[in-house]
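K.L.:
One-letter residues, chain by chain:
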Amino acid sequence: MKKHLLWLLFLCTSILSAQEYFPKDDGVKTPNNKTIAFTKATIYITPTNVIKNGTLLVKNGKVVNVGRSVSIPKDAQIVNLEGKNIYPSFIDAYTDFGIAKPKRQRGNPNASPQYEPERKGYYWNDHIRPETNPIADFKFDAKKAKDLLKAGFGVVNTHMQDGIIRGNGLLVSLNTQTTNAYRVLEDKSAQYLSFTKSNKSRQMYPGSLMGSIALLRQTYNDADWYLKGNTKNKDLALEALDRNKNLPQIFYAGSKINAFRADKIGDEFGIQYTIVGGGDEFERINDVRATNATFIIPINFRAAYDVSNPYLAQHVSLHDMRKWNQEPTNPKVLAENGVTFSLTTHSLKKVDDFTKNIQKAIKYGLDKTKALEALTTVPAKILGKSNIGNLQTGSYANFLITSGDIFDPKTTLYENWTLGDKNVINDMNVKDIAGNYALALNGKTYDLSITGKGAKQKGALKLDDKKVKSKFSFKDGWIFMSIPSENDATKFNRLTAKITDSPVILGKVINEFGNESQWSAAKIVKKDDEKSKDKKKKDNNSTPTVLPVSYPNVGFGLAQQPKQETILFKNATVWTGEKEGNLENTDVLIKNGKIAKIGKNISVGGAKTIDATGKYVTAGIIDEHSHIATTSVNEWAQNSTAEVTIEDVVDPNDVNIYRNLAGGVTSIQILHGSANPIGGRSAIIKLKWGENADNLIYNNTPKFIKFALGENVKQSRSRNGTRFPQTRMGVEQMYIDYFTRAKQYDAKKKSGQAYRKDAELETLAEIINKERFISCHSYVQSEINMLMKVAEKFDFNINTFTHILEGYKVADKMKEHGVGGSTFSDWWAYKYEVNDAIPYNAAIMHNQGVTVAINSDDAEMSRRLNQEAAKTVKYGGMSEEEAWKMVTLNPAKLLHIDNKVGSLKVGKDADVVLWNTNPLSVYAKPLKTIIEGRTYFDIDADLAKREAIKAERSKLENMMLHEKINGGKVQPPSKRVKELFHCETLK
Amino acid sequence: MKNYIYTIAFLLSIGSLFAQQTPAPKQSADYTIEGATAHLGNGQVIENSLIMFSNGKITHVGNALTKIARRGTVIDAKGKHVYPGFIVANTTLGLGEVDAVKASIDEREIGTYNPHIRSIIAYNTESKVVESMRPNGVLIVQTTPRGGTISGTSSIVQLDAWNWEDAIVKENDAIHMNWPSSVSYSGRWWAGEPRVVKESKNYTENLNKFSSYLQQAKTYLKGNKSEKNLPFEAMKGLFNGSQKLFIHVSGEREITDAITLSKKEGINKIVIVHGGDADKVADLLVKNNIPVVLERAHRLPNAEDQDYDLPYRTAKILVDKGITVSIGMEGDMERMSTRNAPFYAGTYAAYGLDKEEALKLITSNAAKILGIDDKVGTLEVGKDATLFVSEGDALDMRTNKVSNSFINGRKLSLETHQTKLWKRYSDKYKNQ
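Chains B and F, in that order, give the protein sequences. Converting from the first sequence to the working numbering requires adding 5 to each position, the first position being numbered 1. Converting from the second sequence to the working numbering requires adding 558 to each position, the first position being numbered 1.
Worth double-checking, as some hints may not be accurate.
[To be verified] Listed next, the in silico DMTMM-like pairs over lysine to aspartate or glutamate satisfying Cα-Cα at most 20 Å (straight line):
| hint | chain 1 | residue 1 | chain 2 | residue 2 |
| --- | --- | --- | --- | --- |
| 1 | B | LYS461 | B | ASP152 |
| 2 | F | LYS756 | B | ASP325 |
| 3 | B | LYS930 | F | ASP912 |
| 4 | F | LYS756 | B | GLU821 |
| 5 | F | LYS660 | B | GLU821 |
| 6 | B | LYS818 | F | GLU763 |
| 7 | F | LYS986 | B | GLU821 |
| 8 | B | LYS836 | F | GLU665 |
| 9 | F | LYS986 | B | ASP947 |
| 10 | F | LYS978 | B | ASP841 |
| 11 | B | LYS969 | F | ASP912 |
| 12 | F | LYS988 | B | ASP152 |
| 13 | B | LYS820 | F | ASP931 |
| 14 | B | LYS955 | F | ASP837 |
| 15 | F | LYS874 | B | ASP357 |
| 16 | B | LYS836 | F | ASP912 |
| 17 | B | LYS149 | B | ASP325 |
[Said to hold, decoys possible] Label pairs and their calculated CB-CB ranges:
| hint | chain 1 | residue 1 | chain 2 | residue 2 | range |
| --- | --- | --- | --- | --- | --- |
| 18 | F | VAL844 | B | ASN204 | 36 to 42 Å |
| 19 | F | ARG628 | B | ASN606 | 42 to 48 Å |
| 20 | F | GLN602 | B | ASN314 | 54 to 60 Å |
| 21 | B | ASN204 | F | LYS786 | 36 to 42 Å |
[To be verified] Pulled a few chain B residues facing chain F out of the computed Cβ check, cut under 10 Å:
| hint | residue |
| --- | --- |
| 22 | PHE27 |
| 23 | ASN238 |
| 24 | LEU241 |
| 25 | GLU244 |
| 26 | SER322 |
| 27 | GLU696 |
| 28 | VAL839 |
| 29 | THR922 |
What the hints contain is simulated information worked out from the structure, not anything from laboratory work. We put the CB at the ideal spot given by N, CA and C, even for glycine.
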């Protein structure tokens, strides 16, 4: 309460600084434009320009001069800062200071989904809000300001943290003694963006990350079209976007992987975003550097997990344990790799933790100059300001006065000046009385030990090495103590003393009878020194152990990409998948990432020779229908979403990539889900575990898109479906509508007329032009037939029907149309439309001449597709050769990658699996899985990896237990759940 | 291709003899299966075997070289394999038809303690999903209700019957319960936040509740029962040893608590279902002679750092410790996937288990665990003639091709909704 009152009092004084032309009715005019000279200080004009014994001259809130020989005006107030340091105060470029985020509107769960925007006269999507100018919503938050001042901040940039394009920010001084008229240094500073929707609208689109990405692209295209005057309507959002285009563009990514995604969008439109990261940049530092972006980095280092209960501790992944250990190195790694970054308090629960965490980052190797730059000159540069973040003449007088090196934990921050106004954090006139004293009182000698800093110094008393219960306080230069009487412990001596420069403290004592006498306390110098030396030694010895990062940074990650090797398999049973068929006692040579030779008795120098006697060599398995390794699956919020692509959201960190490799899979198509008739574009990737998302995607990748039919797209299991279409009848008309529009669009584009670039129609036009291919989720024969007819009407072919469980009913028509089938081996009975699904489907389609693949649509099944292929031998009597092609060459053909992969043929990519036995057998296990000559899975290496994981987990667990036992902070264990996606996952 | 034609021809021939779904009549004529490799289900194999059965019972198991009169129809099974009918525990087979159609599902009742809820009366002998089991060798299942803390009472059925009464192999064989978890999760994991794991606040309370429920049931059963309590009546068998308690539980702590508590309350016939951490409490299981109904082999590891093949190896780990193990189906698409049980056994064999030992998981071990080993589970004289012939190794999908199948000596139709469609559409193209 007392604190609050004081604070109030403090605020009242600020009314003094009213604007000069305002009427004045509360007294006479009291101009205050004195000059203050801070002398004899070590001054950090910039992090790299430091002067000793310098003078800083401040007037009217600005620096008027700084240097070693500054002439001090006669009327200047002089503050002697001998032995003290002056730094420019810190800047946080990413905050929501004083701007409340709107609350998400709670809706009726039974209400229909909202497809339309709520605003009128703005962009069609409510989550694009560049017109937001938060000045009207800004309320100076004095409490938060105080916390930030304590942490050393003087200026923050703040904005409305809401929406995909969020509008402009405000540059605000944290001066608590003035008004917004002075505090707001800039009311349009930077434009902010993110991938997250606004809370202000319930408009559904975008319903996924890839939708957000597509929407951003479309917005930029539409802005271009609008500004060229091509539309009749008014769009205040697009106009605002244009106004903001010369501001710094700050993109909230929140993680390294989203940083890459954001940077890519920027590259496409010639915008270099400044990216707000996630603190995990060290995990892919080369890719982070390659963005060339400046970063704003949070330093929210996690507490150790409480692993004392092993039943709970087992849930924590090695990835999370490692991050506890490695995160504090993030700023250091960024600095050492030449990435320019600033630091932010964003995502910290308490601003108080900022100081502690930056000290931790420095302990973990961050260079102090870089740290200071990250808090001063870099954020100033991000915001395009030269008059903050430094103490050059003309800059704002925003500075810190400290007892020494600002990042040293022992240093005290005395004052944080904002716009030339003083804020006392710790009174620099308070004597530091810490130490051990011999306290003489009534003939006895006590040990008094005083610890702590500034006004927070504490005293503990001992007599003959036994603790004495006593009270100690140190305030305004006075010590007050209550010590039990030596005769009666329920009665007390009260001691007082004023601290002077003398090494001995002398004071008055009032005993239990009210009689006064003297007491004294003399500092014990030697003892104190020894102790601090010991402590220092300990501190220095505890340089933290940091475990190495792997790619990805999970248990089964790789230290580096496997080397491309020349490998010779000797004497294997080779299933070529080509006209040569299955060959006994045959050798396979792979070289330079390609299959170099297949034959008998191959010998070659320098090759790694593997005796494959009794073993099988095949091409790697290809899964035509997968949803692993992606961050989202369905952009479900519109009936057509041809504008989105899985390529934008490939997740290279998914451990299911490794598990697929262990099942002999080398390539997959990551398909969009089946929530809408026209879905999103695919990503076709190779499972190069450890690579980044871009390097997983095929070079010159064939272009595919997902379509879907049946129960999912007509929202059969939704209680409140209002989206067109709700029947198979509507699905047909929707396709015809979209393809008709795409055709018109394409015609206009080709005619050379100006046209509005529309990513959706652009994609559909590619289909009509036979540049992009459809893989269509399908079940019953009627709709299968329908889609083929629609395609024929527009003169193109459906490439693949996926699932296609009733394909056997129209296999002849499929053959005639030229479409392939990619099906489940034996799934059925999970919904009404699969009543007639039969495991003989693959065989019947194959027998009618359709190219047939067996797919998974499932992270579990995908790692044993060999078994699923074998089921076609059981059901329908496929030959083993043809059965095997259903998971290798046939899906390669359906994906248009059979020129590179899918069979063992000289010149094709060396995507090869070594099996212990016939790969169609339930007893088959991959021993090695190789992609382009690099061994990504090796059954023996895997065993070693398990041991390494066990050892590393134990090591980290012990480190965390050590932390807990020594009083460190811990948090309850947590498990990061990787959601497993299917066609129907709405994400 | 040749294979394909033969198989079609074969299926056409039996198709004309038996109508779909019509259960076979009681065995009236004797059968002899000669020349097959007989996998007895107890670990033994007889190459070139001779098996005979009459009146629904096996009368002879031996070597074909033995000079003994062949009885009835002789099936030449040279180069083929004969197995006891496969038995799968813990499945909702017959309790539902199409997952997404609620009207077709009868698998979970509302309520916490439902021992009186009996799966058998909802078991649908006419299910298209049920008939699809037989061509893979799955002939007996434990049809089990889901939900609640005590889910209800399961029964064991054979898969060729006119109605549920005819289907019964053992009625009300066990009561199933889901053991409470000692940990609770919070955090919106679907929104990308981590799930925070905490010790469950309610664990002890939930255990106490269960404990006192058992005590109340015991007290009731000792009393005069003037006012009937249906759930307590349904638990009689647990205390007199005529019924087993199947505890669905995975964690090391939970398994230990489950065994300790159940024993203390006088329940002696316990089966652990799932048993994810069973290997860690193997000694306790062995000491108390408690078997484990494992999950399907075809599942993902539980955690990012777990060995990719741990789900494939669990059977080997437990068998090596001396635990009796079988396979259960609980989980996604469990009904239609029950026909894949032989391949789960095969996968367990691929990852360490001896093949005959793997076979036991769905034959003799399953019979023992379900308490029907006096009748089925092995090829032995005096046991039910519930068996089948496969062209090759029936644990391998590549060679599992069932050609003759019998339940109690009754020769089964291997027709299904699926084979009929197959034939219908193969014929369509043939005749075009």
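K.L.:
For the hint on B:GLU244, does the least C-beta distance to chain F fall short of 10 Å?
P.N.:
With Cβ-Cβ at 34 Å, over 10 Å, it is violated.
K.L.:
CA of F:LYS986 to CA of B:ASP947, is that 20 Å or under?
P.N.:
violated (50 Å)
K.L.:
Holds or violated: F:LYS660 and B:GLU821, Cα atoms, limit 20 Å.
P.N.:
Distance ~38 Å between F:LYS660 and B:GLU821 Cα, so the pair is violated.
K.L.:
Is the straight-line distance between the alpha-carbon of B:LYS461 and that of B:ASP152 20 Å or less?
P.N.:
Holds, at about 17 Å.
K.L.:
Taking the CB of B:ASN204 and the CB of F:LYS786, does the distance hold inside 36 to 42 Å?
P.N.:
Violated, since B:ASN204 and F:LYS786 (Cβ atoms, about 56 Å apart) do not stay within the stated range.
K.L.:
So if I understand the rule, the pair passes when the alpha-carbon distance is 20 Å or less; does B:LYS930 with F:ASP912 pass?
P.N.:
holds (16 Å)
K.L.:
Next pair to validate is F:LYS756 with B:GLU821; report whether the Cα-Cα distance is within 20 Å.
P.N.:
Roughly 59 Å separates the two Cα atoms, so the pair is violated.
K.L.:
Restraint: B:THR922 near chain F, CB-CB cut 10 Å. Satisfied or not?
P.N.:
With a closest approach of 9 Å, the B:THR922 hint holds.
K.L.:
Are the Cα positions of B:LYS149 and B:ASP325 separated by 20 Å at most?
P.N.:
Roughly 31 Å separates the two Cα atoms, so the pair is violated.
K.L.:
Could you grab the alpha-carbon distance between F:LYS978 and B:ASP841 and see if it respects the 20 Å cut-off?
P.N.:
holds (10 Å)
K.L.:
Measure nothing beyond the straight line between the CA atoms of B:LYS818 and F:GLU763; if it is 20 Å or shorter, mark the hint as holding.
P.N.:
With Cα atoms ~63 Å apart, B:LYS818 and F:GLU763 exceed 20 Å; violated.
K.L.:
Should the hint that F:VAL844 and B:ASN204 are 36 to 42 Å apart at their CB atoms be regarded as holding?
P.N.:
violated (57 Å)
Checked against the numbered hints listed earlier, the structure breaks hints 4, 5, 6, 9, 11, 12, 13, 15, 16, 17, 18, 19, 20, 21, 22, 23, 24, 25 and 27; every other hint is satisfied.
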